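Student: Sequence:
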Amino acid sequence: MVKEELIKEVTERVRKRTRERVKKEVIAAAVDETFSVIVEKVLAGNKVRIRNFGTFQLKKAGARLARNPKTGDEVQIPPREKFYFTPSRKIRFLEER
Numbered sequence: 019m020v021k022e023e024l025i026k027e028v029t030e031r032v033r034k035r036t037r038e039r040v041k042k043e044v045i046a047a048a049v050d051e052t053f054s055v056i057v058e059k060v061l062a063g064n065k066v067r068i069r070n071f072g073t074f075q076l077k078k079a080g081a082r083l084a085r086n087p088k089t090g091d092e093v094q095i096p097p098r099e100k101f102y103f104t105p106s107r108k109i110r111f112l113e114e115r
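According to the working numbering, numbering within the sequence shown proceeds without interruption in unit steps and concludes at 115.
Don't read these hints as lab results, they were simulated from the structure. Hints may contain errors.
Subject to a maximum C-alpha distance of 27 Å in a straight line, what follows is the list of computed DSSO-like cross-link-like pairs (lysine-lysine) [claimed, not checked]:
1. Lys-21 / Lys-100
2. Lys-41 / Lys-26
3. Lys-100 / Lys-88
4. Lys-100 / Lys-65
5. Lys-88 / Lys-108
6. Lys-59 / Lys-78
The structure displayed is predicted, hence computed values, not measured ones.
Using the sequences and the hints, build the whole thing.
Tutor: Laid out in structure tokens, this is it:
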């Protein structure tokens, strides 16, 4: 699913749930702003927990050795932070089914 499909699906569900004609542009703006807030807060060092969905956070990845695929030379990869998503127990339980 791409973002446009997500927006379409959310628009249909909101219209069905509220029985109101909600513009697709309004839903698109809400989806965009939701993603923006999550990214901004995580990059600022905060965890973003969405109940029954999961947690977005930065995790430290240590330095490691890798190989250049063309030359086979070893290359040192410096430590960095990675953007992680950890699904909630409810989501993990649904995955197991």
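Student: If a hint holds in the structure, say so; if it doesn't, say that too.
Tutor: Each hint, compared with the structure:
no.: 1; hint: Lys-21 / Lys-100; verdict: holds, 22 Å
no.: 2; hint: Lys-41 / Lys-26; verdict: holds, 10 Å
no.: 3; hint: Lys-100 / Lys-88; verdict: holds, 26 Å
no.: 4; hint: Lys-100 / Lys-65; verdict: holds, 13 Å
no.: 5; hint: Lys-88 / Lys-108; verdict: violated, 44 Å
no.: 6; hint: Lys-59 / Lys-78; verdict: holds, 16 Å
Hint 5 from the earlier list is the only one contradicted by this structure; the remaining hints agree with it.
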